[in-house]
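K.L.:
Single-letter residue listing:
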Amino acid sequence: MSGMLFTSMQWFMVFCAVVCTVRLVLGPTAADRLVALNVMSGIVLAFLVLRGVQQGRHIYLDVALVYDIFGFLGFLAIARFLKDRLEHEEES
Amino acid sequence: MTVILLVLVLILSVYALAARDLLHGIIALSAVSLLCALMFYLLHAPDVAITEAAVGAGITTVVFIGVIRNTERKDRG
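Chains A and B, in that order, are what the protein sequence lines are. Going from the first sequence to the working numbering is simple: count from 1 and add 14. Going from the second sequence to the working numbering is simple: count from 1 and add 200.
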């Protein structure tokens, strides 16, 4: 029973990642793509934790921890770049 | 599951190569690195996945953003 629940939730998260990829490729503006990437990061993070709980090994949870810390740095850099560009466009 | 994720990696890689706006390419590249880390994880290599998550998702995105901040954003070719 619990194995079937784990498997079905993992498939559902893969489906959500596919939908996010569609938005990431088609999205008209850069902000759409950034939000799609952020949502996909959250989905993959939940997937990693779910798989770690299913396998019952500690090292699997470390991957989720490290990705959460370093992924946030990347999103922060992209968001700051977008903010600077918007301010630059308003001045000119 | 592995096949679907590999198809996603392929689509995003092609888009990262073909995007005219370099910022969109960087975002697609970050997603590729995220899905690659997930692939390593699913193939029972969590230590490789930790390295890929730290280097691929964190460091390269920051470095590329710094590069296009100091140069031009649009691709000329």
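Think of the hints as simulated: they come from the structure by calculation, not from any bench. Since this is a predicted model, take the numbers as computed values, not measurements. Treat the hints with caution; some may be incorrect.
Taking CB as the label site, the calculated pair distances span [what the hints assert, rightly or not]: (1) Met-201(B) <-> Val-49(A): 21 to 29 Å; (2) Gln-69(A) <-> Arg-273(B): 24 to 32 Å; (3) Glu-104(A) <-> Ile-204(B): 37 to 45 Å; (4) Thr-202(B) <-> Val-36(A): 13 to 21 Å; (5) Val-203(B) <-> Lys-97(A): 21 to 29 Å; (6) Ala-218(B) <-> Val-53(A): 30 to 38 Å.
Okay, derived cross-link-like pairs now, DMTMM-like style, lysine to aspartate or glutamate, Cα gap no bigger than 20 Å in a straight line [as the list claims (entries may be wrong)]: (7) Lys-274(B) <-> Glu-103(A); (8) Lys-274(B) <-> Asp-76(A); (9) Lys-274(B) <-> Asp-221(B).
A short, non-exhaustive set of chain B residues, derived as facing chain A with CB atoms under 10 Å [stated by the list, open to error]: (10) Val-207; (11) Ile-211; (12) Tyr-215; (13) Leu-217; (14) Ile-227; (15) Ser-233; (16) Leu-238; (17) Leu-242; (18) Ile-250; (19) Ala-253; (20) Ile-259; (21) Val-262; (22) Ile-265; (23) Thr-271; (24) Glu-272.
Glycine included, every Cβ here is placed at the ideal spot set by N, Cα and C.
K.L.:
Run every hint past the structure and note whether it holds.
P.N.:
To see whether the hints hold, each was checked on the structure:
The hinted range of 21 to 29 Å is satisfied by Met-201(B) and Val-49(A), whose Cβ atoms lie roughly 25 Å apart. Separated by about 43 Å at the C-beta atoms, Gln-69(A) and Arg-273(B) break the suggested range of 24 to 32 Å. Taking the beta carbon of each, Glu-104(A) and Ile-204(B) are about 42 Å apart, inside 37 to 45 Å as hinted. Between Thr-202(B) and Val-36(A) the CB atoms are about 20 Å apart, so this pair conforms to the stated range of 13 to 21 Å.
Against the hinted window of 21 to 29 Å, the Cβ-Cβ separation of Val-203(B) and Lys-97(A) comes to about 39 Å, which falls outside the hint. Between Ala-218(B) and Val-53(A), the C-beta spacing of about 23 Å breaks the proposed range 30 to 38 Å. Restraint check for Lys-274(B) and Glu-103(A): satisfied, since their Cα atoms lie roughly 15 Å apart, inside the 20 Å limit. Between the alpha carbons of Lys-274(B) and Asp-76(A) the distance comes to roughly 37 Å, so the proposed pair goes past 20 Å and is violated.
Simply put, Lys-274(B) and Asp-221(B) have alpha-carbon atoms about 5 Å apart, close enough for the 20 Å limit, and the pair holds. The interface hint given for Val-207(B) is met, as the beta carbon of that residue sits about 9 Å from the closest beta carbon of chain A, less than 10 Å. A distance limit of 10 Å between C-beta atoms decides the matter here; for Ile-211(B) the minimum to chain A is near 7 Å, and the interface restraint holds. Interface restraint check: Tyr-215(B) against chain A, minimum CB-CB distance 5 Å, threshold 10 Å, status holds.
With a cut of 10 Å, the hint placing Leu-217(B) at the interface with chain A is violated, because the nearest CB-to-CB distance is about 12 Å. Checking Ile-227(B) against chain A by beta carbon gives a least distance of about 5 Å; that is within 10 Å, so the hint holds. Checking Ser-233(B) against chain A: minimum C-beta separation of about 9 Å stays under 10 Å; hint holds. Checking Leu-238(B) against chain A: minimum C-beta separation of about 5 Å stays under 10 Å; hint holds.
The interface hint given for Leu-242(B) is met, as the beta carbon of that residue sits about 8 Å from the closest beta carbon of chain A, less than 10 Å. For Ile-250(B), the interface hint holds, the least distance from its beta-carbon to any beta-carbon of chain A being 5 Å, beneath 10 Å. Given the 10 Å rule on beta carbons, the hint for Ala-253(B) holds: about 4 Å separates it from the nearest Cβ of chain A. With a least beta-carbon distance of about 8 Å to chain A, the hint placing Ile-259(B) at the interface is held under the 10 Å criterion.
Annotation: interface hint on Val-262(B) holds; nearest CB of chain A at approximately 5 Å, less than 10 Å. Given hint, Ile-265(B) at the interface with chain A, holds; its Cβ is 4 Å from that chain's nearest Cβ, closer than 10 Å. Below 10 Å, beta-carbon pairs count as interface contacts, and Thr-271(B) has none with chain A, the closest being about 12 Å; its hint is therefore violated. Look at Glu-272(B): its Cβ only gets to about 12 Å from chain A, farther than 10 Å, so that hint breaks.
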